[in-house]
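Trainee: Chain by chain, the residues run as shown.
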Amino acid sequence: MSDLAQMSAGAVRGPAKRTGHGTQAMAGLALVALPMAMLLGLILWPTMRMIGATVTLEDRIGADRYVAFFGDAYSMANLRFTLEMSLISALTALALSFGIALYLRFSAGRIATMIHALSLFPLFVPSIIISYALVRFLGPNGLFQLLLEQIGITQYRTPYLTPVGPFLAFVWENLPLPVLVLSAGLTQVSDHAVEAARDLGARPLRILWEILLPQTRRSLLIAFALIFLGILGAYTVPYMLGPAAPEMMGVYMQRTLGNLQDPDSAQVQAVVLMAIASVVGGFYIATMLKSQGAER
Amino acid sequence: MLDIDTITKTFAGAPAVREATFTVQRGELVCLLGPSGCGKSTLLRVISGLTDADSGQIRIEGADVTAMQANRRPTAMVFQSHALWSHMTVAQNVGFGLRVRGMPRAQIAAKIADVLDLVGLSSFGKRLPAELSGGQAQRVALARCLVVEPKILLMDEPFSALDAHLRKALREELKALQRRSGLTTIFVTHDQEEAMELADRIVVMQAGRVEQFGPPGRLYRQPQTLAVAQFIGVMNTCTTAIQDGMARWYGVDVRAAMPPGEAVVLCRPEDLYLDPNGAAATVTRVIDLGPVTKVNLITPEGDLLTWTCARDLAPVQGALVRLMARHLHVFRGGNLVGRIEQPDLVFQEGAMT
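In order, the protein sequences belong to chains A and S.
Be aware that the first sequence starts at 1, since it is given in our numbering, and climbs by one per residue.
Be aware that the second sequence starts at 1, since it is given in our numbering, and climbs by one per residue.
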């Protein structure tokens with residue numbers, strides 16, 4: 001192409017590119033405008049109002065309701081139970097799903113495909129069904145008890161009204177998402193990265209500890225945040241399963257609002273739970289931004 | 001030092017390596033050379049233990065290591081993708097193999113410093129792999145292997161992702177380093193120039209088989225199979241029928257005292273010369289390559305020929321020239337049966353030594 005031709009081509013391309021860029025930017029803004037408006041109007045604004053309401057007393061502004069919440073042994077027991085249940089269930093689901101993702105990453109064939117499909121199955125089962133299924137399976141005269149009786153074990157005491165009940169449901173319910181996230185993370189670790197470690201003398205446990213876990217650290221953190229937040233605000237599973245007291249915050253909030261007709265306390269419980277979720281959520285967003293930055 | 005004894009490897013019924021057999025001497029640099037999919041990388045992985053052989057035996061210093069796991073073999077491998085661990089610094093990457101071996105920390109630090117110095121990266125220990133160029137990353141990968149002092153260094157196309165200039169520089173560095181250390185090295189490449197420059201001996205592979213094993217010059221001058229002849233360098237290929245002890249080569253009769261039948265006669269472009277009694281061909285293109293001139297020709301029968309000559313001998317485009325060959329390699333059934341040599345162009349049976 002001659003210089004003149006290049007210049008004229010540049011002259012045509014230049015403004016067209018700028019116009020295209022402007023249109024693209026406008027289109028982008030238009031696409032995010034509606035969800036952003038909904039987020040601001042239906043979530044952030046009511047949230048701010050609610051937080052304001054929790055500190056607005058009849059005659060002044062004060063944290064009295066929070067003092068009452070943190071001073072109440074039953075509320076604190078519920079909060080502790082919720083945090084412990086969320087943490088233990090999330091870590092267990094994460095460990096199990098990492099095992100499944102590891103198997104799927106390094107295996108091929110029919111069995112691997114079957115396990116993959118099975119691990120994703122809970123994704124398509126609603127919480128209420130999972131809860132009922134567990135009640136029918138683990139509950140009194142459930143399938144598990146009948147099976148045990150067939151082999152002569154008659155001392156079975158159902159765990160579905162103990163913390164084990166919701167724990168099992170949470171773990172089962174929360175397997176698919178981390179399997180997907182961790183499988184994606186593990187595909188980023190090349191075969192050669194693993195083989196190089198093997199070639200230099202590393203055994204499987206060392207490869208897991210020094211190569212696979214650090215290389216999938218971000219996926220693990222993201223998966224943990226997603227499961228933890230889901231369990232923290234769960235309602236259906238702890239409503240159906242688990243002990244009557246202490247109770248998980250989702251059920252506690254609903255009972256405070258519905259049965260006790262005490263919206264002020266329910267709002268305080270919601271704000272406390274949201275504050276905890278925000279910390280984990282912030283952690284999740286920071287990890288996501290960091291990983292996007294690393295990709296750039 | 002390293003005996004590869006009838007190694008065979010099949011993937012889902014498709015043979016990748018077929019009865020590969022050769023012996024590598026201590027301190028030798030041997031290249032596994034062949035086109036993509038010829039089984040050279042598979043064979044290297046079998047040597048490393050990362051892939052199991054279906055049959056055959058691998059011996060290192062006489063000891064059978066065929067059933068030994070990769071992490072127990074006295075080999076270390078440099079991968080094409082360098083395979084550095086992105087979450088570890090250069091020093092941590094290099095020290096990994098030593099940590100695995102349970103070496104004391106102070107000793108590890110000293111060894112890392114030594115080997116980074118050897119590959120010219122002594123000030124790079126604290127960097128992350130993402131902060132390295134392609135060439136530096138490959139040097140770190142090499143250092144990571146050298147530091148564990150393997151008996152055999154395995155390299156799987158380590159420079160193929162780098163640009164030509166850097167590849168050449170690294171090749172020379174590797175050769176010098178290998179000579180100094182005397183480390184037995186197996187180097188996989190599909191680049192024949194790289195293999196010719198680096199190797200003491202080359203294993204040419206084709207469709208999973210070892211076609212020929214020998215020094216680079218011998219592979220070039222005395223290819224034993226048609227596949228090797230056509231893969232290494234450029235060859236003018238003429239398929240001819242031999243009758244009454246004569247072979248017809250681009251319209252010229254040459255003596256070939258062998259049983260009648262089809263044969264493939266090959267000659268190197270640099271073995272052609274101008275001769276009034278030679279084969280007639282018309283010049284279609286003259287390419288000045290600097291040290292030599294490459295001349296493309298076409299015979300009256302439509303066969304294409306390539307001739308390389310000194311610049312002052314090169315004819316002009318469109319000229320009719322007559323060419324004769326100093327050596328002709330004669331193949332039958334894919335194998336060398338003999339050569340037709342100047343001055344008399346008489347067929348000599350069997351391989352030259």
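Bear in mind the hints are in silico, worked out from the structure with no lab data behind them.
Each hint should be verified, as a subset may be incorrect.
Simulated DEER-style distance windows between Cβ atoms [said to hold, decoys possible]:
#	chain 1	residue 1	chain 2	residue 2	range
1	S	69	A	279	56 to 62 Å
2	S	1	A	282	41 to 47 Å
3	S	102	A	107	58 to 64 Å
4	S	102	A	103	50 to 56 Å
5	A	282	S	134	55 to 61 Å
6	A	114	S	52	44 to 50 Å
7	A	279	S	74	35 to 41 Å
8	A	136	S	52	45 to 51 Å
9	S	52	A	47	58 to 64 Å
10	A	208	S	36	30 to 36 Å
11	S	102	A	21	54 to 60 Å
Backbone N, C-alpha and C fix where the C-beta goes; we use that ideal spot for every residue, glycine too.
Trainee: Each of the hints needs a verdict: does it hold here or not?
Mentor: Hint check:
1. At about 45 Å, the CB distance of residue 69 (chain S) to residue 279 (chain A) disagrees with the hint of 56 to 62 Å.
2. At about 59 Å, the beta-carbon gap between residue 1 (chain S) and residue 282 (chain A) misses the expected band of 41 to 47 Å.
3. Under the hint 58 to 64 Å, the C-beta atoms of residue 102 (chain S) and residue 107 (chain A), about 31 Å apart, miss the expected range.
4. Separated by about 29 Å at the C-beta atoms, residue 102 (chain S) and residue 103 (chain A) break the suggested range of 50 to 56 Å.
5. The hinted range of 55 to 61 Å is not satisfied by residue 282 (chain A) and residue 134 (chain S), whose Cβ atoms lie roughly 37 Å apart.
6. Taking the beta carbon of each, residue 114 (chain A) and residue 52 (chain S) are about 25 Å apart, not inside 44 to 50 Å as hinted.
7. The hint said 35 to 41 Å for the Cβ distance between residue 279 (chain A) and residue 74 (chain S), and at roughly 51 Å that hint is violated.
8. Range check, residue 136 (chain A) to residue 52 (chain S): Cβ separation about 48 Å, and the 45 to 51 Å hint holds.
9. Remark: the range hint 58 to 64 Å for residue 52 (chain S) to residue 47 (chain A) is upheld by a beta-carbon distance near 60 Å.
10. The hinted window of 30 to 36 Å between residue 208 (chain A) and residue 36 (chain S) holds, with their beta carbons roughly 33 Å apart.
11. The hinted range of 54 to 60 Å is satisfied by residue 102 (chain S) and residue 21 (chain A), whose Cβ atoms lie roughly 58 Å apart.
Hint check: violations occur at hints 1, 2, 3, 4, 5, 6, 7; the rest are consistent with the structure.
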